[in-house]
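Protein sequence lines, in the order shown, are assigned to chains A and B. Counting in this note's numbering, the first sequence tops out at residue 235, every number present. Counting in this note's numbering, the second sequence tops out at residue 235, every number present.
No wet-lab data here; the hints were simulated from the structure. There's no promise every hint is true.
You can't tell identical chains apart in this list, so a pair holds if it fits in one copy or across any two.
Claimed, not checked - List of simulated lysine to aspartate or glutamate pairs, EDC-like, C-alpha gap at most 20 Å: (1) Lys20 - Glu198; (2) Lys17 - Asp103; (3) Lys212 - Asp183; (4) Lys135 - Glu191; (5) Lys135 - Asp183; (6) Lys20 - Asp156; (7) Lys20 - Asp127; (8) Lys16 - Asp56; (9) Lys63 - Glu6; (10) Lys159 - Glu214; (11) Lys212 - Glu39; (12) Lys135 - Asp103; (13) Lys8 - Glu177; (14) Lys72 - Asp103; (15) Lys31 - Glu218; (16) Lys211 - Glu232; (17) Lys135 - Glu153; (18) Lys211 - Glu191; (19) Lys92 - Asp183; (20) Lys31 - Glu191; (21) Lys72 - Glu191; (22) Lys31 - Glu214; (23) Lys135 - Glu171; (24) Lys179 - Glu232; (25) Lys212 - Glu232.
There are 2 protein chains.
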Amino acid sequence: MITNIEQKLIQGLGLKKNRKAHQLFVVEGIKNVSAYLDEGYVPTHLFSTENIDKIDSIHISIKEMNRISQLKNPSPLLATFSPDIHSNLPDKGRLIGLDQVRDPGNLGTIIRLCDWYGINHIICSNDTVDCYNPKVVQAAMGSLARVRCHYTELNDYIKTYDAQVYGTLLEGNSIYETKFSSDTLLIFGSEAHGISPEITNLIQHRITIPKKSENGPESLNVSIAAGIILSEMCR
Amino acid sequence: MITNIEQKLIQGLGLKKNRKAHQLFVVEGIKNVSAYLDEGYVPTHLFSTENIDKIDSIHISIKEMNRISQLKNPSPLLATFSPDIHSNLPDKGRLIGLDQVRDPGNLGTIIRLCDWYGINHIICSNDTVDCYNPKVVQAAMGSLARVRCHYTELNDYIKTYDAQVYGTLLEGNSIYETKFSSDTLLIFGSEAHGISPEITNLIQHRITIPKKSENGPESLNVSIAAGIILSEMCR
Chain A
1 MITNIEQKLI QGLGLKKNRK AHQLFVVEGI KNVSAYLDEG YVPTHLFSTE NIDKIDSIHI
61 SIKEMNRISQ LKNPSPLLAT FSPDIHSNLP DKGRLIGLDQ VRDPGNLGTI IRLCDWYGIN
121 HIICSNDTVD CYNPKVVQAA MGSLARVRCH YTELNDYIKT YDAQVYGTLL EGNSIYETKF
181 SSDTLLIFGS EAHGISPEIT NLIQHRITIP KKSENGPESL NVSIAAGIIL SEMCR
Chain B
1 MITNIEQKLI QGLGLKKNRK AHQLFVVEGI KNVSAYLDEG YVPTHLFSTE NIDKIDSIHI
61 SIKEMNRISQ LKNPSPLLAT FSPDIHSNLP DKGRLIGLDQ VRDPGNLGTI IRLCDWYGIN
121 HIICSNDTVD CYNPKVVQAA MGSLARVRCH YTELNDYIKT YDAQVYGTLL EGNSIYETKF
181 SSDTLLIFGS EAHGISPEIT NLIQHRITIP KKSENGPESL NVSIAAGIIL SEMCR
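So that you can see chain A by itself, here it is in the shape it has in the complex (with noise of 0.2 Å):
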């Protein structure tokens, strides 16, 4: 069973606002709601339809997970968890850096991506989409578990930033003539507009991913530009 006051709280958490005030987020689905378990998560709230093996949760009816859920089809099983807060804003090593991206599910896939690639750490700029809105968590699928977003002035924090900073733009190298540094920022841009003029001016290698068609597409997706970049830099 769900108390009125846990069902409003839970509802009122696909809001930033509301997950701000509380301290809170929300993480749908087995896989999912393990991933952060396994990493020393503990839940504030964890309700189930069914029961899951070794997950001790309360059980609520088929109608009442249908209520608090974000998703189309829920899960059995929903948690609430309190960010991480601990961990401070690393200095080097490799880093992403994102600036104003906007849509959760670039930024879901991203966290995937850099979780793939064993980067733990991505700095986004205040206005990037919060990495605690629903549609992202569930694009992670348990990665955001693994792998912290940092919200800052990106551009302040650039200026700290020890080592290379790479940032994607249409006019930039080669990456496949490019050589990372194991310190590196690699900054991707935002959907519509890419990087803005005050943080391209504060990037020390300017890469692109080469095109081989005449007639194709101005730009690609920035989660595939990102994929094909960690790849390259991590091959």
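Dock chain B against the given chain A, drawing on the hints supplied.
Then chain B, alone, in the frame of chain A:
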């Protein structure tokens, strides 16, 4: 002005059965529509809410556009076109094969990616999502005007294909140690189940993207995997 008959027709084209019956699909957005016009597609309907340079369209109100648009934020231009049914199934060259890819966003992104890398044909299993689904058309951002999706029995097709067949599987050889021949059919499987067993049996080269983290995700999104492998194949 738009007639009731036209309005009903265009609204109905959100469904595959209606697109098939009328042999029409909808394209929205100035850049997107322009890509089809540039490729010689002739619109059967062309509606706009404002004057658009070089495009001769029927003026309708924003209210009327809202009624026929599939977008949350309708654009000023909407067209209907007939699918290109004149190109034959290619039997060699660099091709992509898709086995049961269901997510419209993934298919749209893969079409855009093929367009970037100069790959003009995608061979889709009959149960892959329809490329004229409005979400695919939107995600492909004009590239569907240049890249042809063929729907067929994929395993029958593979048996007739004259060159090397590559497939992405979790237990394949590293893509960084794979030599891609110039005639290549590169197969990707469904988001949930990967490549089906029947198709797997027909693959000559099993390849994989090496994971660089110990506890990372089980897999990458199919469109991200396609981006990484196409980059490697076409570099």
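Non-conforming hints, listed in increasing numerical order: Of the numbered hints, 1, 5, 6, 8, 10, 13, 17, 23 do not hold.
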